[in-house]
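Line by line, the protein sequences are chains A and B.
Residues in the first sequence are numbered consecutively from 1, following the working numbering.
Residues in the second sequence are numbered consecutively from 1001, following the working numbering.
Calculated directly from the structure, the hints in this document are not laboratory data.
From a predicted model like this one, the values you see are computed outputs, not experimental measurements.
C-beta atoms are modelled at their ideal positions from N, C-alpha and C, and glycine is treated no differently.
Treat the hints with care, as some may be off.
Straight line, CA to CA, 30 Å or less: simulated DSBU-like cross-link-like pairs of lysine-lysine [what the hints assert, rightly or not]:
id : chain 1 : residue 1 : chain 2 : residue 2
1  : B       : K1183     : A       : K171
2  : A       : K290      : A       : K251
3  : B       : K1054     : A       : K197
4  : A       : K84       : B       : K1194
5  : A       : K37       : B       : K1194
6  : B       : K1054     : A       : K191
7  : B       : K1183     : A       : K84
8  : B       : K1194     : A       : K88
9  : B       : K1370     : B       : K1301
10 : B       : K1282     : B       : K1310
11 : A       : K38       : B       : K1054
If we take Cβ atoms under 8 Å as the criterion, some of the chain A residues that face chain B in the derived model are [unchecked claim]:
id : residue
12 : I51
13 : A60
14 : V62
15 : T71
16 : T75
17 : K84
18 : Q108
19 : A169
20 : H170
21 : P173
22 : T214
23 : P216
24 : E217
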Amino acid sequence: MRKLTIPREEYMTPGHLACQGCGGALAMRLALKALGKKTILTIPACCWSVIDGPFPYSAAGVPLFHAPFETAASTSAGVSAAMKILGKEDVHVVAWAGDGGTFDIGMQAISGAAERGDNILYIVYDNEAYMNTGIQRSSATPYKAWTTTTPYKFPKARPKKDIIGILAAHKVPYVATATVAYAEDFVKKVKKAAQIKGFRLIQVLSPCPPGWKTPPEITIKLARLAVQTGVFPLYEVENGEKYKINIKPKKLKPVIEYLKLQGRFRHLTQADVEEIQAMVNRNWKLLLAKEEFSRQIENL
Amino acid sequence: MKRMAIVGNHALSYGALLSRVQVIAAYPITPQTQVVELLSEMCADGTLKAEFVKVESEHSAMAAVMGASASGARAFTATSSQGLALMHEVLHWVTGARLPVVMGNINRAFGPPWSIWTEQTDSLSQRDTGWMQIYAQDNQEVLDSVILAYKVSEQVLLPTMVVLDAFFLSHTSEPVEIPDQEKVDEFLPPYENKYILNPDDPHAFGGLTNPEWYMELRYKIHKAHEQSLDLIEKEGKEFEKMFGRYYGLVDPYKVDDAEIILVAISTAASTARYAVDLLREKGKKVGLLRIRVFRPFPYQKVKDILSNAKKVIVLDRNLSPGAGGIVASEVRGALANVKNHPPVFSYIMGLGGRDITTKHIMELFEEVEKMDEGKDIIWKGVKL
């Protein structure tokens, strides 16, 4: 039997307000298992502003500061500075934000904190749109996806922003992708990141049944297919140059298997699917090349 | 205690140093830069044991000091004008989170057109953010006000803005007494707040609050402001006992028998004090009411002092376009419920750093002497 790598301890409590099948709620539950009790969360406007529960309740089980939309990184920078001066450096200072608060409105603050090397673990639970406000497109929304602001006749015209590439360019010690279907991988990455000093970021793909127009019971299946099709590869980058792909399928499944399950892609034509397949193929090759290149430059 | 000639910006830095601030986050803007340059040096050479987060914007500066204060550290920042406007969202948040952050703001006019000179519209337009606001008239008051601000803020859990005029104070050297650290430590104990982010006692702060409770939380913020009215005066007296200088809500000058009282804030009030002396020499019964604390607004003090005057002049170096002088609107509001209150003459002058001289202020008194009915807005010196 395989050894259980996910801690049994639970910090998040029942009674949270997430939708059924919410990837973001599961991501938090797993992250807290990895981080433990000595954690302080800063949460900007996002689904988790609601999920945690209304005043005076909280489902997080660790201290949590609700912050303005664009300030997850900057508020956490202040928390981190306080922990240092107060001699509480054993506390994990975690910014926990959605893709809108990260890829869009929070980008400046993230870039600032990353460049300064603020001692923060930033976790973006990426559900690929502004789900809390009712499914508006963000710069994390994938190519051709439907949202309420990218209607079927005019779906998203540009690909998803490469947040990992942007952070890698800041030469931060650790960035990684993860998803809730690969719980052991996610927990391992959170634990690894928690032991590193400086700015670290984990992007955890978190399916959203109401936003993706999917039944809640296939959240894990979707997250797994995202990896198996190469739509969302699991990899990590150390110090901005050492790429490592963590899950490498022998052969990628066709993207249609992932797309066809989601209402947000139901308008796609055969040509659209082929175009997306070509983009995914190219991105996968590029990622393999980056991994290979980082091996080549290891002894530079 | 030592005496040094320092600029107003450095008075802010020394105030922060003596208050033993633990986290500073700041972004440069003219005319504030000297504040954080000196603090950077103090942190670098170990004079001040603090973490300095060199943020990429004022918005992040305010967010960072907010996070620090919520974690139990005494936090400080300083900015001006556009920077203060960029902080606006977080200013509200800091108040709602009940965090005793203290900041310096150097008054500078808004663009466009670009201006770097003084005007109070930047800080006065933040009046509804729930921050306490202190307007200093000299560099000694700047330094002392930082210490006093922490003392009061940390008791009522409200933030405070210490405000000073660009260049007239920020870049002008004046002799300032630097209090001894031991005495400041005696006056200002370390920051203690039981409502902090603490893994041993986990709570969520600022979660979604429905209409059943939101109003009560806002009521409490207002009550804390009301409580500060007494506390500012009480701590002002304690401060006087230790350091020999008193600071209250208002600073009245020759008002007891005054027929015309001029109301002003900041350095224009120092100029007005001299104008009052010159007019008194001519036998004119004139006085000055400097409002030092604009939030909480000292309505009772203002009413008590102004209701016996025959006429009230308000000098505003700020403008709420479409309304007029911001201080004047508060003064009129304070007097509205006073029976047979004196007429108010609201002057707009000195915008964008234009000089306000003794001669100008003497002219105000002379003009108002000849007028009977109050005026909602009079533009002084505008070239038409």
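Evaluated hints:
no.: 1; hint: B/K1183 / A/K171; verdict: violated (46 Å)
no.: 2; hint: A/K290 / A/K251; verdict: holds (19 Å)
no.: 3; hint: B/K1054 / A/K197; verdict: holds (18 Å)
no.: 4; hint: A/K84 / B/K1194; verdict: holds (19 Å)
no.: 5; hint: A/K37 / B/K1194; verdict: holds (19 Å)
no.: 6; hint: B/K1054 / A/K191; verdict: holds (28 Å)
no.: 7; hint: B/K1183 / A/K84; verdict: holds (27 Å)
no.: 8; hint: B/K1194 / A/K88; verdict: holds (16 Å)
no.: 9; hint: B/K1370 / B/K1301; verdict: holds (27 Å)
no.: 10; hint: B/K1282 / B/K1310; verdict: holds (19 Å)
no.: 11; hint: A/K38 / B/K1054; verdict: holds (26 Å)
no.: 12; hint: I51; verdict: violated (10 Å)
no.: 13; hint: A60; verdict: holds (6 Å)
no.: 14; hint: V62; verdict: holds (5 Å)
no.: 15; hint: T71; verdict: holds (4 Å)
no.: 16; hint: T75; verdict: holds (4 Å)
no.: 17; hint: K84; verdict: holds (6 Å)
no.: 18; hint: Q108; verdict: holds (6 Å)
no.: 19; hint: A169; verdict: violated (16 Å)
no.: 20; hint: H170; verdict: violated (12 Å)
no.: 21; hint: P173; verdict: violated (18 Å)
no.: 22; hint: T214; verdict: violated (26 Å)
no.: 23; hint: P216; verdict: violated (23 Å)
no.: 24; hint: E217; verdict: violated (28 Å)
Violated hints, listed in ascending order, are 1, 12, 19, 20, 21, 22, 23 and 24; each of the other numbered hints is respected by the structure.
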